[in-house]
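Student: Each chain is listed here by its residues.
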Amino acid sequence: MDFEFTEDQVMLRGLVREFLSEQCPVSHVRAMMEHPRGYDRDLYRRLVQLGMLPFPEKYGGAGLGMIEQAIVLEEMGRIPYPGPYFATVILAGGAIMASGDSRAQMRYLPAICNGDLAMSLAFLEDGISWGPDAIGLSMAREGESYRLDGIKRFVPFGQSVDDILVVARSGGGRGAEGISLVAVPADAPGLVIEPEVMMDLTSKTATLRFEGVRVPAENRVGPEGGAWPAVEVALRQAAVGASAEMLGAARKALEMSVDYAKVRKQFGQYIGQFQAIKHKLAEMLELVENAHAAVYYAAWALDAGAPDAALAASVAKSTVNVAARRVCGDAIQVHGGIGFTWEYDLHLYFKRAKHLEPLYGDTEYHRERVLQEALAGRVAGSA
Amino acid sequence: MDLSYTLEDQAFRQWVRAWLAENVPRHKLTTMEEKKAWHRKLYDAGFIGMGLPREYGGRDARPMEQAIVGEEMVRAKAPPPLNGLGIAIVIPTLIHHGTEQQKRRFIHKLLTAEELWCQLYSEPNAGSDLASLQCRADLDGDEFVINGQKIWTSGAHEADWGLLLARTDRSAPKHQGISCILVDMHTPGIEVRTLKQISGSEEFCEVFFTDVRVPRENLVGELNGGWRIAQTTLSYERGGNTLSRYARLLQQVTRLLDVCRVLQRDGRPAIEDPVVRQKLGQIYAEMEVLRYASLRILSRLERGLRPGPESSLAKLHYSELDKRVQELILDILGPYGQQVGGIPDELALEPGAAYGEAGSWMYAFLWSRAGTIYAGSSEIQKNIIGERVLGLPKEVRADRVAAQVAGAASGDGAD
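First to last, the protein sequences are chains E and L. Each residue of the first sequence is one higher than the one before, counting from 1 in our numbering. Each residue of the second sequence is one higher than the one before, counting from 384 in our numbering.
Errors might be hidden in some of the hints.
[Unchecked claim] Label pairs and their calculated CB-CB ranges:
1. E:358 - L:405: 48 to 56 Å
2. E:49 - L:391: 36 to 44 Å
3. L:782 - E:26: 38 to 46 Å
4. L:742 - E:151: 55 to 63 Å
5. E:265 - L:762: 42 to 50 Å
6. E:255 - L:434: 29 to 37 Å
7. L:762 - E:266: 20 to 28 Å
Hints were generated in silico from the structure; no laboratory data involved. Using N, Cα and C, we set each Cβ at its ideal position, and we do this for glycine too.
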């Protein structure tokens, strides 16, 4: 039983923190907010090439686990890093790995690992549910190609990645039956990409309209009609990964608040001397530390294939959703007026955490999942 | 980072589980004689004070082994041992600050529960501000003469000995005039009255001292050095074994899930109601986070790191969590959550529980209100976290300002 990071994990955290603080200062983050692509391609390539990807070494990855991805994403939440790392590595790459389709893995993962290929996963449609029932985009076989018709919304960096992995329905099944994955190049004829403008300008998203898009049959990833298990794995990793990123944003907001409470004076004393502020900061620390425990327990459970991995992932997302909202919100309150200005950086963390809150399952979705797992007895074994 | 139990820990857990299955008493222990016999059995099995060094009667057990025993005892519904506070607080105090003679005289009998202990700290006007205590111990030759009152003393009515904080120098600043003294509770002049709590039970007491004479050799550490001793021992109290708290909560929640399959709400079992399901999911998630946080603390202890001010975070977490969870449970159960007498067996936490006794939803709910008050209230914990973990500047305190003003005034007078 050891909950502390290994030396390698501490080194990885240091490597990513140093890289991002040098290469991705807040001036860059703000520049990307105004940029239509939303990220710097060269910076993205160098970031990916740091050697921290979860994919097997034969594809050019470092073979690292979810704990390491959580460490990397927590650091990204502290910036907050603008770019398609999460979309490419956790979402699309995660689904490709989980599909078990070695041909697709050989085709996409090496290009992801050297930074040449940025991808995303298109899941949500008009509704906002995270189960297979919500997938309606149709995928029909026509000779040696598939024809895609339908709509996808809130596709992370959908306007600025190379390929989009689309969760589609083929053969007209219901629920998990008939879910397929297919990779679509962003320049495919019939694909209309409409950038969305979201509250968090550092996280670009797009609406994708598929109007008779045709892609070669070899673009399918995993079995036709049987891709739901891979999507589910990717979404579970995404829930934990998003939790890690929110944890990073929350911890950064807490650190800023503590620093501020030590220098800001009102009524002739530092505001951190007042119990009204001191107690709020203590509560924020409690929330952040519990979020840390939840994120890294879940990451470990996924890596270890623990019986309670799904339970832990949902505990993490539902816990961190609530914690990050409180911590980032209270950080603005502790700062007072300056925390409400565009110029001050606090709103970047507040908005990143908020952006991720409804994605990959909101609090209510994951509390329901927690109960289902508990009732099914898929809980931790004590021995 | 590896959160799996070692093979050694798994084997130890199996051994503890088997021992408990064979030895846990099948009927409820009622008399003190029965409780002491059960305690002695636990002691002989090596489960009491097991983290203590061997020279003091422990077995140098690792924190994980202690946590496993705590968790398995709850799982097996084993009656708790006696002298919990004594083992957690009095023994470390004696080990760190006591004389050789005091260690030899008291530790073994405390561990075996031949002698029961209480902790005489709080007073009617000294709760969170413990250092303002007024109970006096005046030196008269080779004896202390003790006068004053203590309150919220757990188990004083059954105790043979008490660990007392008393004022030994009334002219010194309040933190510097306190001493730590061992008191024989059978000494003439001590009167103990039990206090009935909102739970209907009577664990706490008021203790009155009138000219109680205690030999000077019962002083622990230096005269007027009691505050520093209390500071170190209070953090033992806050260290806590949160894994056994998790185990207790798990028992309650497991039962709650069963009850929700039976309890009807809007023409269907409560477990099918989406609003109830949200609350159950929240309860379960909160409970799991308590387990993860406990494992994190345990892993730090296993690495030999002492629980410092961070133990305040653990105390704040589980006590506030307990209140949230107990409220949610009562939300779900409606009036049944408040019922003791006449509650249908299939809806009860434990059938047959009486008012003022453990085993009802209501009793657990009421006790959750105590957790954020005793052993340092949530407000005190937040001060500790704010100042000693986050490094925030200390608040302006009226008692310190008064001392400063008084000092300045007398300085002016001398001029």
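Student: State for each hint whether it applies.
Tutor: These are the hints, each one checked on the structure:
With their beta carbons about 52 Å apart, residue 358 of chain E and residue 405 of chain L fall inside the hinted range of 48 to 56 Å. Checked against the given bound of 36 to 44 Å, the beta carbons of residue 49 of chain E and residue 391 of chain L, roughly 42 Å apart, stay inside it. Range check, residue 782 of chain L to residue 26 of chain E: Cβ separation about 44 Å, and the 38 to 46 Å hint holds. Distance hint check: the CB atoms of residue 742 of chain L and residue 151 of chain E are about 56 Å apart, consistent with the given range 55 to 63 Å.
A C-beta distance of roughly 24 Å is found between residue 265 of chain E and residue 762 of chain L, which places it outside the suggested range of 42 to 50 Å. A hinted range of 29 to 37 Å for the beta carbons of residue 255 of chain E and residue 434 of chain L is consistent with their spacing of about 35 Å. Between residue 762 of chain L and residue 266 of chain E the beta carbons are some 21 Å apart, a value that agrees with the proposed interval 20 to 28 Å.
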